[in-house]
Amino acid sequence: MEKERHVLVVFPHPDDEAFGVSGTIATHVQNGTPVTYACLTLGEMGRNMGNPPFTNRENLPKIRKEELKAAAAALGIQDLRMLGYRDKTVEFEDDAKLAKAMLSLINEVNPSLIITFYPGYSVHPDHDATGAAVVRAVESLPAAARPKLHCVAFSNNCVEELGEADIVHNISAVAEKKLAAIQAHRSQTEQMFGDVTEKLKNQDPQMMVWINNERFWTYKFDK
Amino acid sequence: MEPIKDYRQVQEAINAFANQDVYIHLETTNGAYASHHDQTFFSAGAYIRNALVRYEIGKITGNDPYRVGLKINLGWIYAEGLTHFEVDEQNRLLLAGHDNKGKLAVALEISATPFE
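If you read the protein sequences in the order shown, they are chains A and B. If you number the first sequence the way the UniProt record's numbering does, the last residue is 223 and the count never jumps. If you number the second sequence the way the UniProt record's numbering does, the last residue is 116 and the count never jumps.
What the hints contain is simulated information worked out from the structure, not anything from laboratory work. Hints are not guaranteed to be accurate.
Straight-line Cα separation of at most 30 Å, DSS-like style, residue types lysine-lysine; simulated pairs [stated by the list, open to error]: (1) B:K5 - A:K62; (2) A:K199 - B:K103; (3) A:K220 - A:K3; (4) B:K101 - A:K69; (5) A:K148 - A:K97; (6) A:K62 - A:K177; (7) B:K59 - B:K71; (8) A:K100 - A:K65; (9) A:K3 - A:K100; (10) A:K177 - B:K103; (11) A:K65 - B:K103; (12) A:K69 - B:K103; (13) B:K101 - A:K62; (14) A:K65 - A:K97; (15) A:K177 - B:K101; (16) A:K65 - B:K59; (17) B:K5 - B:K101; (18) A:K148 - A:K177; (19) B:K103 - A:K62; (20) A:K199 - B:K101; (21) A:K177 - A:K199; (22) A:K69 - A:K199.
Simulated restraints on C-beta separations [what the hints assert, rightly or not]: (23) A:N59 - B:I57: 22 to 32 Å; (24) A:N202 - B:Y47: 38 to 48 Å; (25) A:I167 - B:F42: 31 to 41 Å; (26) B:R67 - A:P52: 15 to 25 Å; (27) B:A46 - A:K97: 20 to 30 Å; (28) A:E198 - B:K101: 12 to 22 Å; (29) A:Q191 - B:G62: 20 to 30 Å; (30) B:Y78 - A:N170: 44 to 54 Å; (31) A:S104 - B:T40: 39 to 49 Å; (32) B:E89 - A:A145: 49 to 59 Å; (33) B:A44 - A:S104: 29 to 39 Å; (34) A:K100 - B:L74: 49 to 59 Å.
Even for Gly, the Cβ is constructed at its ideal location relative to N, Cα and C.
All chains, full assembly: derive it from the sequences and hints.
Structure representation (C-alpha cells):
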C-alpha cells in the first residue's frame with residue numbers, strides 16, 4: 001500500500017468503515033499516516049433492536065456513538081469527527097451546502113487520499129449522497145491540487161458498469177484489528193456476523209477472501 | 001422495551017397524552033438494503049419526526065401484534081404491527097413493532113417535548 005501524507009475517510013454511518021475499509025485504515029495507521037474519519041450520522045435508523053430488544057429507537061444512537069468510538073480506537077484512528085447529520089436524510093440536505101461542508105473538511109485536513117462511497121453504486125441513499133458530496137467538493141479543486149479519491153462500491157451492477165476494482169488491498173496482516181472494529185459495532189454486527197469469529201478460527205476460505213481483500217475504484221473525473 | 005402483554009397498560013399511557021400538544025415520531029421501514037438483497041422486493045417506508053399534534057382519542061386494538069390509532073385535530077395517525085412498548089425515563093411512550101429477528105419494522109412514539 002502506498003504511503004500517504006494524510007488519509008481522510010468519509011462515510012455516513014458508524015460501521016460503514018468496518019467491513020470494507022478498516023484493514024486499509026489500520027494499515028495506514030500502522031505506517032504512521034494520520035487518519036481522519038468523518039462520520040456523518042450516528043446510524044439513528046438502524047433496525048437491529050435485538051430479540052428480546054436490547055434498546056429502542058431513541059437510545060440506539062447513543063449506543064452506536066460509543067461503538068463508533070470503540071471501533072476508531074481499535075483501528076488507532078486519532079481524529080474522529082461526528083458531523084451531526086441524521087441517518088437516511090443525507091440525500092435530502094442542500095447539495096451545495098453539503099459539498100461545501102466536505103470541501104472545508106478537505107481544506108482543513110489536506111489529505112493526500114480520500115476514501116468514500118462511489119456515488120450511484122453504493123446501494124444506500126446516504127452512501128450515494130455522501131460520495132456525491134465528496135466528489136463535488138474534490139471536483140471544485142483544480143485538477144492538479146486534487147487528492148486521490150478511492151471509492152467503495154457494492155451495488156449489484158457495480159462491476160458490470162465500473163469494471164473490476166482497480167485497487168485491491170490484501171489486509172491479512174491487520175485482520176485482527178479489522179475483526180476488532182467489526183466486533184466494536186456489536187449492535188449491528190453481532191447478529192449478522194455472529195459466526196464470523198468461528199469461521200475465522202477455522203480459516204473458512206470464503207470468509208478469509210471476504211475479510212482479507214478490500215476493493216476500491218479510483219474515481220474518474222469528467223474534467 | 002417490553003412485549004405488549006396487557007394492552008390496558010398501553011391504553012392508560014395513551015390516555016395520559018390526550019387533549020394536549022404532543023410530538024409524534026412515526027416510521028415504517030423495510031431497511032435500506034431490502035431491494036439490494038432481493039431485487040423482486042418492493043421497498044417502501046415513511047418517516048415523520050416531531051409532528052406537533054393534539055388527539056382527542058387514542059386507542060390500542062388488535063391482538064399481538066397490535067394497532068394504535070390517534071384521532072387528531074384535523075385527521076388521523078395510526079400504526080400497525082406493534083409488538084413492544086416502553087414508557088422511558090423522559091416519560092415518553094415508545095411503541096415499536098419488531099420482526100422475529102428483532103428488527104424494527106414500525107415505530108410510533110408520543111412525547112410532551114420534542115424528540116432530539
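Each hint tested on the structure:
{"no.": "1", "hint": "B:K5 - A:K62", "in the structure": "holds (28 Å)"}
{"no.": "2", "hint": "A:K199 - B:K103", "in the structure": "holds (24 Å)"}
{"no.": "3", "hint": "A:K220 - A:K3", "in the structure": "holds (21 Å)"}
{"no.": "4", "hint": "B:K101 - A:K69", "in the structure": "holds (26 Å)"}
{"no.": "5", "hint": "A:K148 - A:K97", "in the structure": "holds (22 Å)"}
{"no.": "6", "hint": "A:K62 - A:K177", "in the structure": "holds (23 Å)"}
{"no.": "7", "hint": "B:K59 - B:K71", "in the structure": "holds (9 Å)"}
{"no.": "8", "hint": "A:K100 - A:K65", "in the structure": "holds (25 Å)"}
{"no.": "9", "hint": "A:K3 - A:K100", "in the structure": "holds (28 Å)"}
{"no.": "10", "hint": "A:K177 - B:K103", "in the structure": "holds (28 Å)"}
{"no.": "11", "hint": "A:K65 - B:K103", "in the structure": "holds (19 Å)"}
{"no.": "12", "hint": "A:K69 - B:K103", "in the structure": "holds (24 Å)"}
{"no.": "13", "hint": "B:K101 - A:K62", "in the structure": "holds (22 Å)"}
{"no.": "14", "hint": "A:K65 - A:K97", "in the structure": "holds (24 Å)"}
{"no.": "15", "hint": "A:K177 - B:K101", "in the structure": "holds (28 Å)"}
{"no.": "16", "hint": "A:K65 - B:K59", "in the structure": "violated (35 Å)"}
{"no.": "17", "hint": "B:K5 - B:K101", "in the structure": "holds (19 Å)"}
{"no.": "18", "hint": "A:K148 - A:K177", "in the structure": "holds (25 Å)"}
{"no.": "19", "hint": "B:K103 - A:K62", "in the structure": "holds (18 Å)"}
{"no.": "20", "hint": "A:K199 - B:K101", "in the structure": "holds (22 Å)"}
{"no.": "21", "hint": "A:K177 - A:K199", "in the structure": "holds (16 Å)"}
{"no.": "22", "hint": "A:K69 - A:K199", "in the structure": "holds (26 Å)"}
{"no.": "23", "hint": "A:N59 - B:I57: 22 to 32 Å", "in the structure": "holds (29 Å)"}
{"no.": "24", "hint": "A:N202 - B:Y47: 38 to 48 Å", "in the structure": "holds (41 Å)"}
{"no.": "25", "hint": "A:I167 - B:F42: 31 to 41 Å", "in the structure": "holds (35 Å)"}
{"no.": "26", "hint": "B:R67 - A:P52: 15 to 25 Å", "in the structure": "holds (22 Å)"}
{"no.": "27", "hint": "B:A46 - A:K97: 20 to 30 Å", "in the structure": "holds (25 Å)"}
{"no.": "28", "hint": "A:E198 - B:K101: 12 to 22 Å", "in the structure": "holds (19 Å)"}
{"no.": "29", "hint": "A:Q191 - B:G62: 20 to 30 Å", "in the structure": "holds (27 Å)"}
{"no.": "30", "hint": "B:Y78 - A:N170: 44 to 54 Å", "in the structure": "holds (53 Å)"}
{"no.": "31", "hint": "A:S104 - B:T40: 39 to 49 Å", "in the structure": "holds (43 Å)"}
{"no.": "32", "hint": "B:E89 - A:A145: 49 to 59 Å", "in the structure": "holds (51 Å)"}
{"no.": "33", "hint": "B:A44 - A:S104: 29 to 39 Å", "in the structure": "holds (36 Å)"}
{"no.": "34", "hint": "A:K100 - B:L74: 49 to 59 Å", "in the structure": "violated (39 Å)"}
Checked against the numbered hints given earlier, this structure breaks hints 16, 34; the rest are met.
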